[in-house]
Amino acid sequence: MEANPASSGGHALSLRVMRLTKPAIVPNWPLLADKKDYCGEELIGQRDKDITTIPKIHNFPYGEVLTVPQNFGSIYLGETFSSFVNVQNESQQTVRDVVLKTDLQTSSQRMPLSNPTGQAMVSKLVPGENISEVINHEVKELGGQLLVCTVSYINTSGEKLMFRKYFKFQVLKPLDVRTKFFTTQDDEIFLEAQITNTTPHALHMQKVVLAPSPLYTATDLNFLGNGESIFGESDYINPDDTWQYLYKLTPKMTQDEKSNVKGVSSVGKLDIMWLSNFGEKGRLQSSQLQRLIQPQGELVVTVQSIPHFISSNEQFQVVLRLRNTTDRKYNLHLTLRQLPDSGLVWVGDIKKVVGEVPPCSFLDINLDILPVKSGVWDLGEIGIENLVTSKRFDYPSVGQILVGLT
Amino acid sequence: PSDSGDYDTTYTVSCQTGYELVDDVSESGACGTDGEFADPAPECIIMTCTVPEIVYGTADPRKQWYQRRVRAPNLPVAAGDSEGLAEAPRQSVFSPSMQSISLSESNLRHLVKEGRLLSAVNMLTELLNTAEMNLKTIRLWTLRFALLVKLKLYSTAEVEMAMFGNLDNCDLFYEYYPGEHPGKRGSIVPWSLRLLWSILPLHCPTIGGLYGALDRMYGLVYHLDQALLAGLPYVQEQRVIKYKTSLLVQVAGALAGSGSIQPAIKLLKQIKQSQPELSVPVSNAMIRLYYQVGNIYKGQCLLAEIQDKLTEEEWEMNAGFKLIALGEYSEAYQHFARAVNLNPGNTVASINGAVCLLYLGRLGDSIIQFEGAVKTSLHPMLLFNLVSLYELKTVASTSKKYNLLDTITSKTDWEAFPFECLRL
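Quick mapping for you: the protein sequence lines, in order, are chains A and B. Residues in the first sequence are numbered from 1 upward in steps of one, following this note's numbering. Residues in the second sequence are numbered from 1001 upward in steps of one, following this note's numbering.
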């Protein structure tokens, strides 16, 4: 990133900028030499004179010599933009009251990066002398941005002169994050976060943490029991690869509160920290992740107990929990319906009064079933009528069971 | 040749540098009376390096040439030079000092020793031009390929290596030369030539790139493993193990250079396990690769592991890298400074310390330290760094670059120097 390389446009001072990405080790294939070869000793001499050659593992091209950044490179959201700004007196005259001011202009705002009040940095600058600054700024916006460097000074004639240089750069997106929610029947909630590396270099994920909202506690499922990462030996996400992170969420509400919650619930934020080339840092936080909660319904029927496996002609019992999620008393009447061609047959009364279920409470009922055919079968249709309101609820399938051979 | 040829009292010289990568750098400077350059006035020497015509293969018909601006007054002017630029006649042997060097092996050795690698290549052209393949010329070929690869003359190397096929042509076996070593069997191909043959695709995408190189290298690994399985006397077994190690190091280098850092690290780990005497340099290499992908934690763990085996100087170098990775440039500088104290000849520590100074905002000090390093080594990488800093400091960096050019051309081994690093 350079200013106009021609003379400083008539000004006594010049401004040059170098973006300070981390230093790099540039590969350098050394001269292949072996003392048994023709001119071997001479080749070895030449090879060893090369400062980039590594002792003992001579044909490894990555030595220890660092190089300063050669070009602007790319910059990604969450990284720190670091630059060296140099102002040099190129003229033969001493100038006074030199001011260097840097600002960053994004699409939404203009913010000072250094010297916001525009103070003079030195009272005088003799020919050949320079002032410089290293500016750092954590990039928080995507898209095109402009580094604006303003230099003002007073020349020997007493004139106050000023010039400005603009450096344009583009902030790109380093990661693509997609989230998915999974809810099991036992009301356990899992969050899967898929993180894709959209940069052209490797990214070492230092930390990917779910910071839960006050409504939940989060369990990080990305480590094995012994503390090792589930990603094993893999150190980094390759460009265009995706890693999946899994978290378990436990709502901090009681069952009663749960049943009243509807709509959208804030789960928390993903806090992602990564390191790339030689420790170049990056950090991003996702926005609040939202989860849509399906309303539970007034009367929730779940299977509390069912045998894992049953053989044909072996009668078994199923315990159903009827939960009243409202704040009114229910008086329930149960109707059991046989499914056509089913391998399961209800035993006992198929129409009966269940009884009262107080508000925000539940009642367990036992039902007997006789399996007559092997296979996987739905338990059967259950119809429940609230005698208080005459409202009917139908539950086509509350569960299934595997019936084996006799 | 270049198309500028304006002539005044201030003449315009247009020089193009480069071999494979031809970077057009046009340069105009005032020479002569305004005192900007010391007497005598600079002259542009045209160096024409023709791709040799080899009996054994087809040579690349493109002519490669470059011109440079040199200030050595005692160099005779090439024909047709002083009135603008003209092409020097094609010469198959060109010696930069313009003395005619006679074709002989002792002179060849001398050229290599002096670092005049391009002249050595040209002399090899002559030596190999009319020679047929035999036990001696295969060794000359090995030298030639080593030099071509070092000089980055990859297309020439590719064309010439092609005629060696898969290194199993019948004239590459002892049995083909019954007079020389009666009864001896096996390949006459030196191990270095095999290494060069196997790495060449990495530098020449047309013959396979990384995967072409990996194919060849793992093919060699297979043969070495077969030899080890078959059982060998101790001395030969040790030699085969040494070959295998050098080969695997090359594979790791190829992988790392192509962005496959994880496999490179894994391979280095294997090498370390099977060759414990290499554990320090290999671990150092692994640590640097860990930093490269941002896994500072593992780099630190590995450093802690090998700490006891390091000399103090090595430890300071490692600490310097670690602190750069952590962004602590001030402390990193201290470590590199201590490394230089322990070993004043450690140019690399001096360079790395100078890099830290830049990040600390100390541009002037950084330049001074780089200029100090230049006194001990004129490595292009070092000069590249220094030129970048000159350009950062001032718009008028050209005279500083010419100073460097002077320093380079005052040594004997400048003929193969990649002058494009000076960005003149």
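Incorrect hints may have been included.
Restraint ranges, calculated between C-beta atoms of paired labels, are given here [claimed, not checked]:
(1) A:Asp241 to B:Gln1307: 30 to 40 angstroms
(2) B:Ala1304 to A:Ile230: 22 to 32 angstroms
(3) B:Tyr1222 to A:Glu141: 50 to 60 angstroms
(4) B:Arg1185 to A:Ile230: 47 to 57 angstroms
(5) B:Asp1171 to A:Glu233: 24 to 34 angstroms
(6) A:Asp241 to B:Gly1208: 22 to 32 angstroms
(7) A:Ser229 to B:Asp1225: 41 to 51 angstroms
Worth flagging that the hints you see were computed from the coordinates, not collected in a lab. Source: prediction; values computed, not measured. For each residue, glycine too, the CB sits at the ideal point set by N, CA and C.
Hint-by-hint comparison with the structure:
1. A:Asp241 to B:Gln1307: 30 to 40 angstroms: 34 angstroms Cβ-Cβ, so the 30 to 40 angstroms window holds.
2. B:Ala1304 to A:Ile230: 22 to 32 angstroms: Roughly 25 angstroms apart at Cβ, these two residues keep to the hinted range, so it holds.
3. B:Tyr1222 to A:Glu141: 50 to 60 angstroms: holds, 54 angstroms
4. B:Arg1185 to A:Ile230: 47 to 57 angstroms: holds, 54 angstroms
5. B:Asp1171 to A:Glu233: 24 to 34 angstroms: violated, 46 angstroms
6. A:Asp241 to B:Gly1208: 22 to 32 angstroms: holds, 24 angstroms
7. A:Ser229 to B:Asp1225: 41 to 51 angstroms: With a Cβ separation near 33 angstroms, A:Ser229 and B:Asp1225 fall outside 41 to 51 angstroms, so the hint is violated.
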